[in-house]
Structures are given as C-alpha cells and as structure tokens.
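Input sequences plus hints: build the corresponding full structure.
Going down the list, the protein sequences come from chains B and F.
Sequential numbering from 9 applies to the first sequence in this note's numbering.
Sequential numbering from 12 applies to the second sequence in this note's numbering.
Please keep in mind that the hints were generated in silico from the structure rather than gathered at the bench.
Don't take every hint at face value.
Restraint ranges, calculated between C-beta atoms of paired labels, are given here [stated by the list, open to error]:
(1) F/Asp137 - B/Leu619: 34 to 44 Å
(2) B/Arg612 - F/Ala125: 28 to 38 Å
(3) B/Ile158 - F/Arg75: 46 to 56 Å
(4) B/Arg411 - F/Asp21: 42 to 52 Å
Only part of the chain F face toward chain B is listed, based on derived beta-carbon distances under 8 Å [to be verified]:
(5) Gly53
(6) Leu66
(7) Trp84
(8) Asn87
(9) Lys91
(10) Glu102
(11) Gly105
(12) Arg114
(13) Ile119
(14) Ala125
(15) Arg168
(16) Cys172
(17) Asp203
Every value quoted in this text rests on a predicted model; they were computed, and no experiment measured them.
Glycine included, each C-beta is placed from N, C-alpha and C at the ideal position.
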Amino acid sequence: MSSLFAFTLLGLFTGAAYAIMASGLVLTYATTRVFNIAHGAFGMVLAFTFWDFSQRQGLPTLLSLFLVLGVVAPAIGWGIQRFVTRGLGEGPVSVALVVTVGLLVGLIGLAQYIWPPEPRVLLPFHAETGWQVGDTYITAHQLITIICSIVVAVGLYLLLNRTRVGTAMRASVDNPELLKFFGGKPDTAAALAWAIGMSLAALAGILLTPVVGLDYYALTLLVINAYAAAMLGRLKSLPLTFAGAMGLGILESLAVAYLPTDGFWSTIRPVIPALFLFVVVVAMPQTQLRIGQVKGIIAAPVPTVRKSLASGGVLLAFAFVLIGIVSRADVLLIGVAATYAMVMLSLVLLTGYGGHVSLAQFTFAGVGALAYAKLDEPNLLGLVLAALIAAAVGALVALPVLRLTGLYLALSTLAFAVLMDKVIFQADFAFKFNGTLATERLSVFGIQIASDTAYVWFMVLAFVLMGLFLLWLRRGALGRILIATRDSPSGCGTLGLDLRWFRVGLFSLSAGMAGVAGALFSGLRGTVGAADFLYFQSLLVLLAAVVFGVTSVTGSLLGGTALMLLRSSSPELTAVLFAILGFGAVLLARDPNGTANHLFKLGRWSTNRVLPRWEEQFRERLDGLLKANRPQPARSVDVPVEAAIEEPKGVS
Amino acid sequence: MASTTLLEVDDVIVRFGGVTAVNHAAFTAERGRITGLIGPNGAGKTTCFNVITGLQKPTSGRVRYRDRDVTRWAVNRRAKHGIGRTFQRLEAFGSLSVRDNVRVAQEIHGGPLAWLRPGGSLLGVDILLERVGIADYAEERADSIPTGAARLLELARALACEPQLLLLDEPSSGLDETETDAFGDLLKELADEGCAILMVEHDMDLVMTVCDEIHVLDFGEIIASGTPADIRTDRNVQRAYLGYSEDDPAAGHTSEMEVVTP
Numbered sequence: 009m010s011s012l013f014a015f016t017l018l019g020l021f022t023g024a025a026y027a028i029m030a031s032g033l034v035l036t037y038a039t040t041r042v043f044n045i046a047h048g049a050f051g052m053v054l055a056f057t058f059w060d061f062s063q064r065q066g067l068p069t070l071l072s073l074f075l076v077l078g079v080v081a082p083a084i085g086w087g088i089q090r091f092v093t094r095g096l097g098e099g100p101v102s103v104a105l106v107v108t109v110g111l112l113v114g115l116i117g118l119a120q121y122i123w124p125p126e127p128r129v130l131l132p133f134h135a136e137t138g139w140q141v142g143d144t145y146i147t148a149h150q151l152i153t154i155i156c157s158i159v160v161a162v163g164l165y166l167l168l169n170r171t172r173v174g175t176a177m178r179a180s181v182d183n184p185e186l187l188k189f190f191g192g193k194p195d196t197a198a199a200l201a202w203a204i205g206m207s208l209a210a211l212a213g214i215l216l217t218p219v220v221g222l223d224y225y226a227l228t229l230l231v232i233n234a235y236a237a238a239m240l241g242r243l244k245s246l247p248l249t250f251a252g253a254m255g256l257g258i259l260e261s262l263a264v265a266y267l268p269t270d271g272f273w274s275t276i277r278p279v280i281p282a283l284f285l286f287v288v289v290v291a292m293p294q295t296q297l298r299i300g301q302v303k304g305i306i307a308a309p310v311p312t313v314r315k316s317l318a319s320g321g322v323l324l325a326f327a328f329v330l331i332g333i334v335s336r337a338d339v340l341l342i343g344v345a346a347t348y349a350m351v352m353l354s355l356v357l358l359t360g361y362g363g364h365v366s367l368a369q370f371t372f373a374g375v376g377a378l379a380y381a382k383l384d385e386p387n388l389l390g391l392v393l394a395a396l397i398a399a400a401v402g403a404l405v406a407l408p409v410l411r412l413t414g415l416y417l418a419l420s421t422l423a424f425a426v427l428m429d430k431v432i433f434q435a436d437f438a439f440k441f442n443g444t445l446a447t448e449r450l451s452v453f454g455i456q457i458a459s460d461t462a463y464v465w466f467m468v469l470a471f472v473l474m475g476l477f478l479l480w481l482r483r484g485a486l487g488r489i490l491i492a493t494r495d496s497p498s499g500c501g502t503l504g505l506d507l508r509w510f511r512v513g514l515f516s517l518s519a520g521m522a523g524v525a526g527a528l529f530s531g532l533r534g535t536v537g538a539a540d541f542l543y544f545q546s547l548l549v550l551l552a553a554v555v556f557g558v559t560s561v562t563g564s565l566l567g568g569t570a571l572m573l574l575r576s577s578s579p580e581l582t583a584v585l586f587a588i589l590g591f592g593a594v595l596l597a598r599d600p601n602g603t604a605n606h607l608f609k610l611g612r613w614s615t616n617r618v619l620p621r622w623e624e625q626f627r628e629r630l631d632g633l634l635k636a637n638r639p640q641p642a643r644s645v646d647v648p649v650e651a652a653i654e655e656p657k658g659v660s
Numbered sequence: 012m013a014s015t016t017l018l019e020v021d022d023v024i025v026r027f028g029g030v031t032a033v034n035h036a037a038f039t040a041e042r043g044r045i046t047g048l049i050g051p052n053g054a055g056k057t058t059c060f061n062v063i064t065g066l067q068k069p070t071s072g073r074v075r076y077r078d079r080d081v082t083r084w085a086v087n088r089r090a091k092h093g094i095g096r097t098f099q100r101l102e103a104f105g106s107l108s109v110r111d112n113v114r115v116a117q118e119i120h121g122g123p124l125a126w127l128r129p130g131g132s133l134l135g136v137d138i139l140l141e142r143v144g145i146a147d148y149a150e151e152r153a154d155s156i157p158t159g160a161a162r163l164l165e166l167a168r169a170l171a172c173e174p175q176l177l178l179l180d181e182p183s184s185g186l187d188e189t190e191t192d193a194f195g196d197l198l199k200e201l202a203d204e205g206c207a208i209l210m211v212e213h214d215m216d217l218v219m220t221v222c223d224e225i226h227v228l229d230f231g232e233i234i235a236s237g238t239p240a241d242i243r244t245d246r247n248v249q250r251a252y253l254g255y256s257e258d259d260p261a262a263g264h265t266s267e268m269e270v271v272t273p
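Here you go:
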C-alpha cells in the first residue's frame, strides 16, 4: 500500500511538469487556433539554451533561468506568432499543421547544428537536497517542479480571469473578428499567449531534462504527453488539462512499478502517453460539422490523360537510361528515391487532394514492408496483400478519430507512429529489437526480378502506375468529391455524404499506397528492420512533399529525389538540411502546390511567351533572308503570307 | 391534412451557453406547399434549419420527418432521405466549376458505386443549371461567380439530390428584381411537383407572393403563424419588426419590413 502511495507521489511530480508543458500548448492553441506540434521542440531548444548559458558559459543558474524564461523564450514566442503563425488559425488545418511540423524538424536540425551530439548533463536543481517522507525520498527538484506547476496554474488563472488582456485572450478563443470590432487587440493577446506558451515550454523542458535527458528527440516528443493531457480538456480547459497531466504522470509511474521489467510489457512504458491519448480520443464526444467554407485553397493542376501518359513514358525511358549508366550503389539510391516518391504519392491523395494530414505515412510503409516480409510470398499477390494489410491498419488508426476533426486525426497519427516505432516494430513478432527480416524480391508472372537494375526500374514503373492511378482518381467522381469535402464539409454532409466513413476510406487507401512502397522497398534492400521506419521519417516525407508540391505527381517525384539526397548526405550536413527543409516548409506551406507548381508556371510561361517570341524572331529573320534574295512580291500576295505568320501565335 | 405533413418541428429548444437561440419552436412543412420562416436577424431561423438538417443538436425537442423521429439522425442520413438545403453563408465548393458543383452533388447522391463508374451523363446537370438560370456560369469556378448566382447554384446542387423537403436560407439575396420573379416562379413549380419548401427570406414581396403559410420568429419564439394575409395584419409581427413597443418606440428593425405595412 505504501509503495502505491510512493509511486503515485512520484507520478505527481512528472505530471506537474507535463501540466506546465500542456498548459502552454492549450494557451497558444486556444487563443490562436494554431496547434503547435513544435511545442516540445521549442522546449528542447530552450533546454539546450539553458544548458548553454548555465553549463557552457558558466552563468549562475538563476540568471540563466531568468534569461531563458524571461527573455529568450518570450522573444521567440512573440517572433513566431508575429512572423510565422499569424493568420494560420483561420486557414485550412493542414497548413497550420505543416508549418508547425516544419518548425519541429527545423528546430531539431538547428539544435543538432548548434549543439552537435555529445554527452551533456543538466543536473536537477539542488541535486543534493531531499527529504525522507515515510518510505519515499522526495528531491528538491521534485518539490520545485510541483511548486512551479502551482505557480503556473494560479498565474494563468489570475491572468485569464483578472486582467484585461486575459479577458481579450479568452474572447479571441471565441471570435477574434468580433474582438477586433469591439476595440480589442487579438494580435496583442495572441503574441502574449505565444510568449507565455514558449516560456512554459522552456520551463517544462528544463524541469524534465534530468528525467528524460538532454536529447533532441525525447524532449521534442514531450508534445505527445502534453497533447494527451490537453485532450482531456479538449484543448480548451486548463483545469482538465492539469488533471489529465497528473493522471498521465501517475499512470506512467505506476507502469514502472507494476509492469514486468522484461519482455513485451517492458517496452510499453515509453508509449503510455500515446496509449492514454487513444483512450481519451475514443471517449471524446462527437464533434459537429464545421459550417463555413474554407478559404484560400488553390486548385491542384490536373494534366490531361495524354500528357500524363507521355510524361510517364518519358520518366520510364529516362530511368532506364540512368539506371544503365550509374554505379550499383546509385541504382539502389534511385530505388530509395522511388520509395519516397511513392509514399509522397499517398500524401498527394490524402493531403493534396483531401486536405488531411498524416504524420505516420512512412510508418504505413513500414507496415507494408513488415507484412511483405512476414507473408513470405514474393509475388504480386504478396504485394497486394501487404498493401491491404497496410490499408486495414490505416483504417484502424482513422476509426477512433472518426467522430473528430482533421486536427485530432493528424495528431493521433503522430502518436500512432511513435507507438509503432517504439513498441510494435521492435516486438518479437515483428522486426525484433535491433533485428531485421530477410525479404525476397518479387516475381511477376513467375519471373523473379532479381537484378538490381531490373528491380529498380520496376519500382519506377510502380511509381508511374501509381501516379497514373492517382490522376485517374482525381479526374473522376472520387476526385471531385475529394475537392468538395475539402472546400465545404457541411455542404457535402447535407448532400448525403457520410464524411466519417469517407475519411476512413481515404485514409485507408492512402495507407495502402504507402504499404506498396514499403513492400517494394523491403525487396530492394533484401533486409528490413525497425530502424528503416522511424516515426521521424514520416515528418520528413510530409515536409518534402509539401515543399515540392503535395498536389501533383511531379511534386512527389521531385520530393522523393530530394529526400533520397538528404538521407544519403553526411551527418553534419543532415542537420543543416533538416533545418533548411523544416524552415522551407514553414515558408512554403501556404502554397500547397509547392515548387512543382512554379515549374509548371515556368513551363507555361515559356510556351506562351518565350517560344512564340523566338518563333517570331526566327520568322522575321527568315523573312528578311527571303526578302533579300527575292524581289518584293505584289501587295495582294503579301496579305495571306502575313496571315499565315500570325496564325501560330493564336494557336499557342 | 395529416398525410401531407412531411416535416414536424416539435417544441425545439436550442441554447448556446446562456443564450436561447430557439425557444419552443413548433411548426410543420407540407408536401406541395411553400412555408416561409421570417423574423429579424438573430431570431433563430438559421438555427432552426441547422436543427432540421442535423448540423445542430437541439437542447430539447423533436424533429419528425415522414412520420419518423429523426432528431438523432446524422446529417448525411437525413440528406439521403430527402432533406436538402442551401446556406445563408455560402457553402459552394469554391475550387470546383459551377457544373462540377452540381455534378458532384449528383455523384454523392448516387452513392459509392457510382463513383467508380467512368463518365456519367452531364445532361441532367446542364438541365438543372438551365432550370435555376445559371447555365452561363457553368464553366466558371464557383468562388468567382456573383453571390446571387452562387445561391442559385446551391439550389441546383440541392435539387440534384432529388429532395422531398427543401430548406432555402435567404435564397434571393443578391438577385435583382427580374431574377427574383423568375426564382419565385421556380419555387412554385417545385412545390407543384410535390416538394415541400421551407424558406427563410428577407424579401417580403417574395415571401408574400409565393408562401402558402408563414411563421414569424422573434428571439427564438414563434410569435405568429398564418397565411400571408394574416401575417400582414398581425399586431405581434408589426411590433417585432417595426418596434411598436410602448416603452421603446425607437427600437426595431425597420429596414427589413417596410413592405409589410403599405
């Protein structure tokens, strides 16, 4: 009994830190409707900053703490709200999600660049001090954490209920337009919310660092804990958020105490937040359809059938030549690029056309790979089965969030990706911890595609077929309905579309496509393991897809190639490239057509403007030559000639 | 008469926090008839529509449709059973063309099996566009056409699903006089075909000429019901609209109701 008390008490300490992190998340989301997935990442960077001030530069602890919490964090928060996230709340949810995922990846890159990997220790506050309470030892750090959380709770309560700006913050939750109308300043309220939110992220990060370590990824993932806690209060209620955080902390602590320390159950502990999250999400009541068109959506360009067939043919021919020229290692890299490109195609369907965001797309590829390896059926049937299994898993992920909106779906996919990465893929029935599975390359109609060159070309072919399939979908009824659901969900609902099942179907189809990519990838390698499908890959895939154009097949091709280059670069360069990709996505997320669309524009511009001009110049010169060599023809003859010259301009 | 009643709103209350948007509303819509729902802004008309279509759960009360209690039905299920609507704040599919807006409605109505069938006839779509009078805009993006046309587009879209009950939320705003006249004729035609039409409208000329019955809402309550002639002379209605109140004669919503009292 006393140990139950002891572990509950210990859970409260972690819970208090989670509560601080979660309240910052709720504060920023509620006032600006931008869910900051990078909340944990900011906490991570600021914890590193604190380490830098206090350990590397040797400033006194209190001064460092003041500088981080009182100066650096609020300044960053203000800047992010002012220059990055302002106005995102009114746009499509997918854009805000991509921007904050961009921040997350960018910050990880930045942190790795500024503070390259090396052992760093951030000691608990007053590490030597502690008290014996019954059979529990309470450290000063734990006591400080609890006191901080109480101060934060009381402070936030006073701010929101007793001050003018707090009232403005609460008002901007409901209607920023109206607030502006009545002379309030939603921008001030938003900037303040982000400044405070960032300080809270920093505080929680610093308090949790002695527990989780000064680690780029572990601290970043704390956003899932915060999100799980905040979900209990529907991302709105601070008291419920605190309750959720404490509950989560106690649950984790009890898991440490009572779950077996070996075997499958020992791996559960790190994913308790994710599991907690699923339970809360499933228990949440149904949300109502949002009324009001989503503004500012740019239509995705759809090429004609002939053009897409021709482009596919050109790509296949180009790949054939390229595969023939380059070295064996580079051939395999082309296969990797094709894998990424196929996963991105699945995102074109889900995000580009459907407006939903998945943060687990590469995990679905992993499911496909695992299924293909386990089935041991190296033929088209095995490929199809692997795709179906990935699709079924995709449906399972979407089902619990069936009744909720896109934001919750996206966030739950992140929790799912972490769950798969840390538990399922490493379990004995899957790839095993640090283990791999051997796979065989598939046979088509009894002939095995054994050689690297043939197999990689087959992968390019699969990409082309998948792209054609996607464009066929887009041109048909399903494509129109996809656009319609994105433009006005309630419009679709009142026409009789069951949006919930439609979304599950879409999600499942997209997961199936990613599954095909994963299955083919496992054949490329010959062995696959859990390390190939880290959750972080999914974030990179999403960002690369958005940067290069998530609404077009061309974007996927470019994005796949870019990601392959990124993954094969040296570790030092990777940090910089992460930062470029992440912050690039922040800049480009507002235009989902991405870089590909600029290429299309350039193409159209050149065919419409440059080519006719060259043609004109060429004709003028030709004309000049003809005139020089020939006597002037009679005027009556001149007219039809001019007309003939004019004609092509109109046609082009 | 009971057999012609298609929709029955029974004692519906909707509260948003402390505000009661709809208070004990009760009215019916009959097959082949046009029922008007009028009242000042904020009277709860659109909220009534949201309750009927399932976009808003009532705090209490029932909605009966074709003699079945549909209060707990999902939005799409009601639509499948023939409840169609247009929106006051436009819900057209902005990035699709006008023609594709109607086409997609037809496809949604056709169900999942129809999505995989290639091609599909555009004839029905073009007839509908012609019928509501926006055939000229067929190729244009739905978010680039005038408001009046977009409202007609929403009507065409609703009609593509072959509704038995049609809810129109301020359908004529944005239309000029000639267009409004043509629109009134269209409504009568639809009613003659057996459709029950429930209409929220501010254009009193239109309401008085096409409606068979009118309900007047004020602060969420129905303050008067009857034929256009009854409503025109109803003292409660005049007070609500024109502010003929003993203690505060200045309050009111004059601009909307000038046509009521000649």
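Hint-by-hint comparison with the structure:
{"no.": "1", "hint": "F/Asp137 - B/Leu619: 34 to 44 Å", "result": "holds, 36 Å"}
{"no.": "2", "hint": "B/Arg612 - F/Ala125: 28 to 38 Å", "result": "holds, 34 Å"}
{"no.": "3", "hint": "B/Ile158 - F/Arg75: 46 to 56 Å", "result": "holds, 53 Å"}
{"no.": "4", "hint": "B/Arg411 - F/Asp21: 42 to 52 Å", "result": "violated, 27 Å"}
{"no.": "5", "hint": "Gly53", "result": "violated, 14 Å"}
{"no.": "6", "hint": "Leu66", "result": "holds, 6 Å"}
{"no.": "7", "hint": "Trp84", "result": "violated, 12 Å"}
{"no.": "8", "hint": "Asn87", "result": "holds, 5 Å"}
{"no.": "9", "hint": "Lys91", "result": "holds, 5 Å"}
{"no.": "10", "hint": "Glu102", "result": "holds, 4 Å"}
{"no.": "11", "hint": "Gly105", "result": "holds, 5 Å"}
{"no.": "12", "hint": "Arg114", "result": "holds, 7 Å"}
{"no.": "13", "hint": "Ile119", "result": "holds, 5 Å"}
{"no.": "14", "hint": "Ala125", "result": "holds, 7 Å"}
{"no.": "15", "hint": "Arg168", "result": "holds, 7 Å"}
{"no.": "16", "hint": "Cys172", "result": "holds, 6 Å"}
{"no.": "17", "hint": "Asp203", "result": "violated, 24 Å"}
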